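With the sequences and hints as input, model every part of the structure.
Number of protein chains: 2
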Amino acid sequence: VLLPAELDRVRIVLVAARNPLNIGAAARAMSNFGFRRMRVVNSYDLAFRDARSAVGAADLLATAEQCESVAEAVADCQLVVGTTAVGRRELDHPLQRLEAGARLIRVALAETKPKSEKKNVALLFGSEKRGLSNEDLSHCDWLMHIPTRAGHLSMNLGQAVAICLYELIRDSEAAPLTSADEPAAAGELERVATVMLNALLVSGYTAEERKVSTEQILRRLLHRAKLGSGDMELLLGMLRQILWKARQADRRKVDEDFA
Amino acid sequence: VLLPAELDRVRIVLVAARNPLNIGAAARAMSNFGFRRMRVVNSYDLAFRDARSAVGAADLLATAEQCESVAEAVADCQLVVGTTAVGRRELDHPLQRLEAGARLIRVALAETKPKSEKKNVALLFGSEKRGLSNEDLSHCDWLMHIPTRAGHLSMNLGQAVAICLYELIRDSEAAPLTSADEPAAAGELERVATVMLNALLVSGYTAEERKVSTEQILRRLLHRAKLGSGDMELLLGMLRQILWKARQADRRKVDEDFA
Numbered sequence: 217v218l219l220p221a222e223l224d225r226v227r228i229v230l231v232a233a234r235n236p237l238n239i240g241a242a243a244r245a246m247s248n249f250g251f252r253r254m255r256v257v258n259s260y261d262l263a264f265r266d267a268r269s270a271v272g273a274a275d276l277l278a279t280a281e282q283c284e285s286v287a288e289a290v291a292d293c294q295l296v297v298g299t300t301a302v303g304r305r306e307l308d309h310p311l312q313r314l315e316a317g318a319r320l321i322r323v324a325l326a327e328t329k330p331k332s333e334k335k336n337v338a339l340l341f342g343s344e345k346r347g348l349s350n351e352d353l354s355h356c357d358w359l360m361h362i363p364t365r366a367g368h369l370s371m372n373l374g375q376a377v378a379i380c381l382y383e384l385i386r387d388s389e390a391a392p393l394t395s396a397d398e399p400a401a402a403g404e405l406e407r408v409a410t411v412m413l414n415a416l417l418v419s420g421y422t423a424e425e426r427k428v429s430t431e432q433i434l435r436r437l438l439h440r441a442k443l444g445s446g447d448m449e450l451l452l453g454m455l456r457q458i459l460w461k462a463r464q465a466d467r468r469k470v471d472e473d474f475a
Numbered sequence: 217v218l219l220p221a222e223l224d225r226v227r228i229v230l231v232a233a234r235n236p237l238n239i240g241a242a243a244r245a246m247s248n249f250g251f252r253r254m255r256v257v258n259s260y261d262l263a264f265r266d267a268r269s270a271v272g273a274a275d276l277l278a279t280a281e282q283c284e285s286v287a288e289a290v291a292d293c294q295l296v297v298g299t300t301a302v303g304r305r306e307l308d309h310p311l312q313r314l315e316a317g318a319r320l321i322r323v324a325l326a327e328t329k330p331k332s333e334k335k336n337v338a339l340l341f342g343s344e345k346r347g348l349s350n351e352d353l354s355h356c357d358w359l360m361h362i363p364t365r366a367g368h369l370s371m372n373l374g375q376a377v378a379i380c381l382y383e384l385i386r387d388s389e390a391a392p393l394t395s396a397d398e399p400a401a402a403g404e405l406e407r408v409a410t411v412m413l414n415a416l417l418v419s420g421y422t423a424e425e426r427k428v429s430t431e432q433i434l435r436r437l438l439h440r441a442k443l444g445s446g447d448m449e450l451l452l453g454m455l456r457q458i459l460w461k462a463r464q465a466d467r468r469k470v471d472e473d474f475a
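Protein sequences, first through last, are from chains D and Y.
Just remember that the working numbering sits 216 ahead of the position in the first sequence, which is counted from 1.
Just remember that the working numbering sits 216 ahead of the position in the second sequence, which is counted from 1.
Because the hints were derived from the structure by calculation, they are not lab data.
It should be emphasised that the depicted structure is a prediction, and the values quoted were computed from it without experimental measurement.
Yeah, the Cβ is synthetic: ideal placement off N, Cα and C, and Gly gets one too.
Take the hints with a grain of salt, since some may be wrong.
[As the list claims (entries may be wrong)] Take a look, some chain D residues computed to stay more than 12 Å from chain Y by CB distance:
1. Q282
2. A326
3. G403
4. K427
5. I458
6. Q464
[As the list claims (entries may be wrong)] With a cut-off of at most 25 Å between alpha-carbon atoms, the simulated DSS-like pairs for lysine-lysine come out as follows:
7. Y:K442 <-> D:K335
8. Y:K469 <-> Y:K442
9. Y:K335 <-> D:K442
10. D:K427 <-> D:K461
11. D:K442 <-> D:K427
12. Y:K442 <-> Y:K427
13. Y:K334 <-> D:K442
14. D:K442 <-> D:K469
15. Y:K442 <-> D:K334
16. Y:K427 <-> Y:K469
Have a look at this one:
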């Protein structure tokens with residue numbers, strides 16, 4: 217998991233982005249995942265200005281830097297990683313799948329340099345139509361690609377940025393959470409089974425002589441359901457009310473019989 | 217890693233999506249990652265029709281199903297998972313972080329039911345403004361959230377779909393790739409060091425009596441650089457040409473001295 221200081225040492229560099237919606241979407245994803253340093257190279261000035269209205273990411277876009285060249289945008293970075301939809305050109309660079317590339321970036325961000333300064337990392341994204349040019353790629357230490365399928369390699373820019381940043385902050389140790397509800401104890405199951413059994417007897421679903429086998433069927437059903445303690449209480453309340461009503465019907469019938 | 221048959225058993229259900237760009241972006245991400253079954257509930261008909269022009273995902277949108285209700289959209293699914301930006305409402309459901317939730321979904325897709333049919337899984341996404349309603353959530357077995365930061369929880373719909381699908385197809389075993397270039401052998405380093413040393417001697421950078429220590433400095437530099445075999449060949453060619461030119465200058469000087 218990346219620390220806030222590490223997030224701040226990542227520069228998201230958009231090269232020649234043309235669509236304000238994509239610049240805005242990239243900014244929004246950065247904000248969602250806690251990244252703050254955006255640099256924009258060679259974008260239409262208008263696209264960049266239009267993007268400044270993006271939902272929930274206005275602060276981030278206000279501090280985004282406009283650079284004249286890729287060289288300027290990565291000048292303070294010790295690791296420069298380009299993103300690419302593979303298959304479009306001969307690649308001289310080592311190419312990492314996102315899962316492995318993100319691991320290498322996290323390692324770089326955690327490394328301490330001899331003078332106790334830490335590394336900055338630039339992550340480059342190319343234009344919507346053409347991706348990064350060979351000139352852009354020559355500034356990169358290595359390239360990274362999102363594992364899209366061969367039939368449809370090219371991703372939307374805003375989605376590609378979102379996925380790369382998600383992979384950087386993702387926690388592979390995140391454990392499955394259990395229900396807020398405590399697992400029900402066997403005693404709670406038994407109380408529910410009893411009330412349900414009485415309702416089945418009263419309603420005529422089960423005859424008195426089949427009581428024991430019905431009770432066993434019910435118990436097994438409730439164990440399979442693996443409900444929580446709160447759910448058992450809810451169910452118990454429902455069944456008690458139904459049982460009460462069913463008994464009323466019986467009582468009314470008795471009244472009618474005696475009428 | 218999910219098999220094609222497993223990808224086809226996932227239904228991506230968009231509930232009350234309002235923006236054609238988001239429906240199109242969701243479809244594009246599905247196509248990028250090999251998912252094919254989209255269902256749309258309660259979307260403005262117009263939004264859905266506008267979306268049909270989305271880049272690279274026209275086929276997928278053409279076969280998307282319009283449903284009247286969430287119940288209809290999930291009717292053939294044995295596992296129904298809702299997505300949510302947490303923090304907006306009291307949640308009765310068990311809530312999983314995406315990393316853990318995707319693991320549970322992959323397990324469900326791989327399970328075989330007694331009759332040897334396999335489980336279908338529905339993944340529900342709510343509207344851009346409000347997410348899934350309580351009524352929508354009541355159809356879900358459990359909920360999943362993307363780990364966005366507390367200060368900016370809510371994601372763009374197209375990006376949220378892209379990240380969830382990426383997490384489903386992601387391969388945690390993906391190993392770092394190495395350069396296509398073979399690591400250079402020590403002999404190749406030595407050849408480069410020799411030519412470089414001669415260039416340094418000819419150019420006057422190093423005097424003859426410091427030759428040995430300069431050679432050691434060069435050798436250490438080349439070992440640190442960890443270049444590949446192809447790179448060494450490239451460098452050797454460059455240095456040989458430079459050395460040739462530097463020697464020409466020497467020869468010319470000799471010619472001039474004798475003139």
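Hint-by-hint comparison with the structure:
no., hint, verdict
1, Q282, "holds (23 Å)"
2, A326, "holds (16 Å)"
3, G403, "holds (23 Å)"
4, K427, "holds (29 Å)"
5, I458, "holds (21 Å)"
6, Q464, "holds (30 Å)"
7, Y:K442 <-> D:K335, "holds (20 Å)"
8, Y:K469 <-> Y:K442, "violated (38 Å)"
9, Y:K335 <-> D:K442, "holds (20 Å)"
10, D:K427 <-> D:K461, "holds (21 Å)"
11, D:K442 <-> D:K427, "holds (23 Å)"
12, Y:K442 <-> Y:K427, "holds (23 Å)"
13, Y:K334 <-> D:K442, "holds (22 Å)"
14, D:K442 <-> D:K469, "violated (38 Å)"
15, Y:K442 <-> D:K334, "holds (22 Å)"
16, Y:K427 <-> Y:K469, "holds (23 Å)"
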